[in-house]
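*Asks:* Sequence:
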Amino acid sequence: MICLKKNHEETLRGLRGQRGHSDVSVEVNAAPGQDLKQRLDQLRCEYETIIEQNRKDVEAWYESKMEEVRQQVSTSDQEITSSNHQLSELRREYQTLEIELQSQISMIQSLQTNLEDTERRYNMQLQQIQAMIEPVEGELASIRCEIESQNQEYQLLLGIKTRLEQEICQYRRLLEEGQQEIGSGGYGGGYGGGRRGGGSVSGGGVCVGGGVSGGSHSGGSVCVGGGISGGSHGGGSVCIGGSHSGGSIGGGHIGGGISSRPQSYPTSSHSQACKTGLGRKSCD
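Note that the UniProt record's numbering has the sequence shown beginning at 1, numbered continuously upward.
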């Protein structure tokens, strides 16, 4: 707008200068005449018409330019308003994002702290568990050694049991054979009459392998492996493997022990069970 005013003023000054120059030229070059005043009035009217036309043209141009400027200003105002609105929206969004960023940073710090605490706690628990595992592993190793030792002992005892069962069955057969011999010749050799076997004295019974066997009043006795066996008043007794067996009235007793190895073998109770049939399965 200021520029338009300056241009308008410069145009007016130029026109005035031209007018003044023409006056000077008329005064200098033209000869004075009778119609000079009329000519000057005519020129003045022409120039005033030109000036008025120029003024109108300038004002029209000025108004058109002002309208364009107004439209541009209005458009710019709308753009500025829209930009301000967008700027406000962006500021609010920025503030929201800033708040969210701070919350995320706080959450990350909290999670890192929790992670460190969890790692520290689990490391302590792991150390405690390892401290508990070490003695358990030692106990497990000792238990394994003990199990191996017990397994070896079990295998050894199993072999001994098998051999014992075989020997018990063998002695059972010998006892049965002795009972058969007693049944066939016991009454003929009672009261001091008997047979001697293996360098031992037998009175009223059967002795196998060396020992003393005595009986009275129809009592039969069998001695296997060396020992003393006595029976009286119809009672029978069996002696196996070097022991003492005594029988009483109407009853029988079996006693003995087998000592072929350093281990302790079953004694008279097992032999009696085998003889009476309670241990028949193990003997067979």
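Simulated from the structure, these hints should not be mistaken for lab results. Owing to the predicted nature of the structure, the values given are computational and were not obtained by experimental measurement. Check the hints yourself; a few may be wrong.
[Said to hold, decoys possible] Below are the BS3-like pairs computed for lysine-lysine, each with C-alpha atoms no more than 30 Å apart in a straight line:
id, residue 1, residue 2
1, Lys56, Lys6
2, Lys5, Lys65
3, Lys65, Lys37
4, Lys65, Lys161
5, Lys5, Lys37
[Stated by the list, open to error] Computed Cβ-Cβ distance ranges for the label pairs, DEER-style:
id, residue 1, residue 2, range
6, Ser88, Gln18, 34 to 40 Å
7, Ser82, Glu9, 55 to 61 Å
8, Arg39, Met66, 49 to 55 Å
9, Tyr94, Gln53, 55 to 61 Å
10, Lys5, Asp41, 28 to 34 Å
11, Arg55, Asp35, 26 to 32 Å
12, Ser64, Asp35, 38 to 44 Å
13, Ala60, Gln18, 55 to 61 Å
14, Arg39, Trp61, 50 to 56 Å
15, Ser142, Met107, 49 to 55 Å
16, Ile160, Arg121, 54 to 60 Å
Ideal placement from N, C-alpha and C gives every residue a C-beta, glycine not left out.
*Asks:* Can you name, in rising order, the numbers of the hints this structure does not satisfy?
*Replies:* 3, 4, 5, 6, 7, 8, 13 and 14
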